[in-house]
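As you go down the protein sequences, you meet chains A and B in turn. Residues 1 to 352 in this note's numbering are what the first sequence spells out, letter by letter. Residues 353 to 902 in this note's numbering are what the second sequence spells out, letter by letter.
Hints were generated in silico from the structure; no laboratory data involved. Hints are supplied without guarantee of correctness; some may be wrong.
Restraint-style ranges between C-beta atoms, simulated for each label pair [said to hold, decoys possible]:
1) 40/A to 735/B: 30 to 40 Å
2) 757/B to 235/A: 53 to 63 Å
3) 123/A to 773/B: 48 to 58 Å
These numbers come from a predicted model, not from an experiment. The beta-carbon is built from N, C-alpha and C at its ideal position, and this holds for glycine as well.
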Amino acid sequence: MTTNVEPSADEAGPAKAGGPPPAARRSRGRLSPRLAEASLLPFAFLLVIIGFSIARPDTFFQWSNFTSIFGLNSVEFILVMALLIPLTNGDLDLSVAEISGMTAVLVGWLNVNQGWAIVPAILVALAVGLLCGALNGWIIVRFDVNPFIITLATGSIFDGIAFWLPNQQTIPGISTHLADWTVLTHVLGIPLDFWYGIVLMLVMFYVLTFTPFGQRALFVGQSREVARLSGFRVSSTRFWAFVVAGLIAALSGVINDGVLGAATPQNQGTLLLSVYAAAFLGFTTIQPGRFNAIGAGVSVFFLAIAVNGMNLLGAQSYVQSLFYGIFLVVAVVASRVINRRRAAAAAARGAG
Amino acid sequence: MEQATSGRPAHANAPALEARNLAKTFGAFRALKGVDLEIGEAEVVSVLGENGSGKSTLVKILSGYHEPDPGGSLRMSGVEVPLPVPLGQARTVGLSFVYQDLGLAGELQVVENLFVGQRVTRGLRSAARIDWRSERRHAREIFARYGVELDPSAQVGRLRPTSQALLAIVRAAYELRDYREHNRGAGGVLVLDEPTVFLPEHEKVFLFDLVRRISAEGFGVLFVSHDMTAVREIAHRAVVLRDGAKVGDVLMEQASDADLIELVSGHRLDRSEIERVTGGAAARDSAESSDGAAASGAVVFAAHGVSGGRVRNVDFELHAGEILGIAGLLGAGSEDLPYLLFGDLPGGGGEVSIGDWRGQVSQLSPRESIRHGVALVPADRKAHGAVPELPVSMNMLSLSLESFMHSRFLRLDRLLGVANERTEEYDVRPRDASLSMSSLSGGNQQKVVLARWLERGPRVLLLHEPTQGVDVATRHQIYELMRERAAQGAGILWVSTDFDELAAVSHRILICAYGEIQGVLAAPYSRDKITSAVYSATAGGAAREVSTGS
Numbered sequence: 001m002t003t004n005v006e007p008s009a010d011e012a013g014p015a016k017a018g019g020p021p022p023a024a025r026r027s028r029g030r031l032s033p034r035l036a037e038a039s040l041l042p043f044a045f046l047l048v049i050i051g052f053s054i055a056r057p058d059t060f061f062q063w064s065n066f067t068s069i070f071g072l073n074s075v076e077f078i079l080v081m082a083l084l085i086p087l088t089n090g091d092l093d094l095s096v097a098e099i100s101g102m103t104a105v106l107v108g109w110l111n112v113n114q115g116w117a118i119v120p121a122i123l124v125a126l127a128v129g130l131l132c133g134a135l136n137g138w139i140i141v142r143f144d145v146n147p148f149i150i151t152l153a154t155g156s157i158f159d160g161i162a163f164w165l166p167n168q169q170t171i172p173g174i175s176t177h178l179a180d181w182t183v184l185t186h187v188l189g190i191p192l193d194f195w196y197g198i199v200l201m202l203v204m205f206y207v208l209t210f211t212p213f214g215q216r217a218l219f220v221g222q223s224r225e226v227a228r229l230s231g232f233r234v235s236s237t238r239f240w241a242f243v244v245a246g247l248i249a250a251l252s253g254v255i256n257d258g259v260l261g262a263a264t265p266q267n268q269g270t271l272l273l274s275v276y277a278a279a280f281l282g283f284t285t286i287q288p289g290r291f292n293a294i295g296a297g298v299s300v301f302f303l304a305i306a307v308n309g310m311n312l313l314g315a316q317s318y319v320q321s322l323f324y325g326i327f328l329v330v331a332v333v334a335s336r337v338i339n340r341r342r343a344a345a346a347a348a349r350g351a352g
Numbered sequence: 353m354e355q356a357t358s359g360r361p362a363h364a365n366a367p368a369l370e371a372r373n374l375a376k377t378f379g380a381f382r383a384l385k386g387v388d389l390e391i392g393e394a395e396v397v398s399v400l401g402e403n404g405s406g407k408s409t410l411v412k413i414l415s416g417y418h419e420p421d422p423g424g425s426l427r428m429s430g431v432e433v434p435l436p437v438p439l440g441q442a443r444t445v446g447l448s449f450v451y452q453d454l455g456l457a458g459e460l461q462v463v464e465n466l467f468v469g470q471r472v473t474r475g476l477r478s479a480a481r482i483d484w485r486s487e488r489r490h491a492r493e494i495f496a497r498y499g500v501e502l503d504p505s506a507q508v509g510r511l512r513p514t515s516q517a518l519l520a521i522v523r524a525a526y527e528l529r530d531y532r533e534h535n536r537g538a539g540g541v542l543v544l545d546e547p548t549v550f551l552p553e554h555e556k557v558f559l560f561d562l563v564r565r566i567s568a569e570g571f572g573v574l575f576v577s578h579d580m581t582a583v584r585e586i587a588h589r590a591v592v593l594r595d596g597a598k599v600g601d602v603l604m605e606q607a608s609d610a611d612l613i614e615l616v617s618g619h620r621l622d623r624s625e626i627e628r629v630t631g632g633a634a635a636r637d638s639a640e641s642s643d644g645a646a647a648s649g650a651v652v653f654a655a656h657g658v659s660g661g662r663v664r665n666v667d668f669e670l671h672a673g674e675i676l677g678i679a680g681l682l683g684a685g686s687e688d689l690p691y692l693l694f695g696d697l698p699g700g701g702g703e704v705s706i707g708d709w710r711g712q713v714s715q716l717s718p719r720e721s722i723r724h725g726v727a728l729v730p731a732d733r734k735a736h737g738a739v740p741e742l743p744v745s746m747n748m749l750s751l752s753l754e755s756f757m758h759s760r761f762l763r764l765d766r767l768l769g770v771a772n773e774r775t776e777e778y779d780v781r782p783r784d785a786s787l788s789m790s791s792l793s794g795g796n797q798q799k800v801v802l803a804r805w806l807e808r809g810p811r812v813l814l815l816h817e818p819t820q821g822v823d824v825a826t827r828h829q830i831y832e833l834m835r836e837r838a839a840q841g842a843g844i845l846w847v848s849t850d851f852d853e854l855a856a857v858s859h860r861i862l863i864c865a866y867g868e869i870q871g872v873l874a875a876p877y878s879r880d881k882i883t884s885a886v887y888s889a890t891a892g893g894a895a896r897e898v899s900t901g902s
């Protein structure tokens, strides 16, 4: 694996000053290609909703269905945010889903099996998530090894701990406070956990778009050499991205306990696939060519609503695996194609 | 395996390579102006010439990379070879190449690298069993024949650079034997393109031995090098190119170093024009003694006994308002100097002072250097200078992001606005900073890289080949830009192998060879004079006197 996860293209925002180059002038009067590209996914999103609404007006097109989708997918919603900084840095973190699963079990185990109060249990779980991220980051940066393989391996370790801790049993009866703080309290008719995701998404959007840190991360992801010779702290940027990813993953694990009221050790493959599908799908929209928070958030719910609709049409649960897998392939290929086309268009404009 | 000694065809004594009237024109530029080249069997011929003399164009025509202008011809062992040489197939006409980048797979074993040429198979033959034990034995036989000590199962990446070069050359020679078997046991030319550049001086002797053995087998050798010592050591004859034309074809035993240098540079150097430097104090003295109007500013950057990479014990002082040229051939150490002084090479030693700050080279890092007001413009723009996928605006202002923070928000719109103004100021075309860097020409990209550093108002600029891959018009814009900055008080260290450029911009020029500063070249400067000085310093060695020839 090279340093680049995905080549990113130029920044969103229209060109100013100096007069538009010829190609831009030609396209005036029609929808600009950039805007068309950015709004492609929301448009598809709308079509999917309309389609399912016509097919299943009684079950799908109900406010209660939507609020439950929003509430039930907050784990994915939060977890996808963990991927964005490492991805921008050019690093893949495959252990986030297992960190999420392990910390979910840890909260249950501390709270139920060990009789801890819920708040310290949560705090410990968050700290453990943070340490897991720090472990990933340290190994990867210190020994300059491939993050793909290392997080695949550490993820397996975290998974093992998640099964070992409760002796492979589900831990029921987690403090109902947690449920109160997540699914049982509604704001504007939508469970609180969804709003946590919204807040996190906005923070991530801010960090990636409106801070020097986020812009430097782009350089780190695109060229470690250029970043280093620019005096950027490449290793520390990468390390802290993994730490933050671990912390956010732990948060999603805690939320998961609130949503389910119990902690179950389980295989996290589908969860991982769904968040990667969302992250790469998000790469193609809103701020195309960037791993961006809002695009990723929209993509999570696009995928969730599509799966929900298909379930209502009578599809079996395995459809999820199929669907996420297909969408990850499509999203990665699409982002690649978009970049090539954009590079070609930019070269043509530059030459003109 | 030895070739048959009897029953050779009539033209077996034809030269291994005989090229006539090779020419190459790029647009209006005649890079090679009808050059003849002949290499006999068992003869080692060196091609000498400075950068831009047409050396690499000649090699690239032989390798098939360039299609020569019509009218040239090439005969290998008397057999006409249609031009252009099919790209990637030069081996089939009896030419085998070893470049400075040796083309070895560092992760793999010696034996795997050695026989890689035999792995070019298709279909089911790709699944044929390889008997590694006998392959290793075979490799040992080959190494023994050429007197090279290499362990077939060693990992190539762990070998010393010299051993890697030996392996690459043995492989090239071995591949030529294939050609021989199909060519009545005659002919074959090994082309070595700057193979000694980065090797330690005392190990080059192994390489010379190997080349002699290969030539003793009857192969012709074309040895392209700046390294006068190496050329003197192994070449029988030297072909000298200047400005694309052949200006000399001399037997080594009949030519002195001074003769060759005069052929290469077109300039006979008066030895008194290089002020010899023996120690740090002398370097400082000479820096002060040659103070022109420009060098009279305060010292903004100084190196004392700096070593690291290929640089050994370098002393110099850079004054405010001065452009200090460092002239050296590739491999002379000058190419490491900017990175070493910027804190980007590990294992550096010695002392530097930047303005009021004094410290060890080992304390520096790019981050630290930038903080002290130092800028580095690297030679390799693609890998080190800029990110092609990101927009011009980001590449231009990535070091100044903090100044676009307004109430905790980075204002990318203002950043783009300022970047657009800068495209005007630095004449970056097109004037649209939202374009991705990759859509700009090399010259415009370089202006963006310079603009990024100038935005910070550095007091010291370390430039390494700053006009490499840059068109002529932009080149002069860059000279002008740098002169302006110097006039405003910046000190500029300009490392280049383009001596035309150094002559045009430098207030003072230091000659670098063998990793050391050999002396200060007395003004006035011309390309030929610098070339002559650099080759003399290289041919003479650090302490040897250059013979005057007559």
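Going down the list of hints, with the structure as the test:
1. For residue 40/A paired with residue 735/B, a C-beta distance near 34 Å keeps the hint of 30 to 40 Å intact.
2. Roughly 24 Å separates the CB atoms of residue 757/B and residue 235/A, a value that falls outside the hinted 53 to 63 Å.
3. For the hinted restraint 48 to 58 Å between residue 123/A and residue 773/B, the CB-CB distance of approximately 50 Å keeps it satisfied.
Violated hints amount to a single one, hint 2; each of the other numbered hints is respected by the structure.
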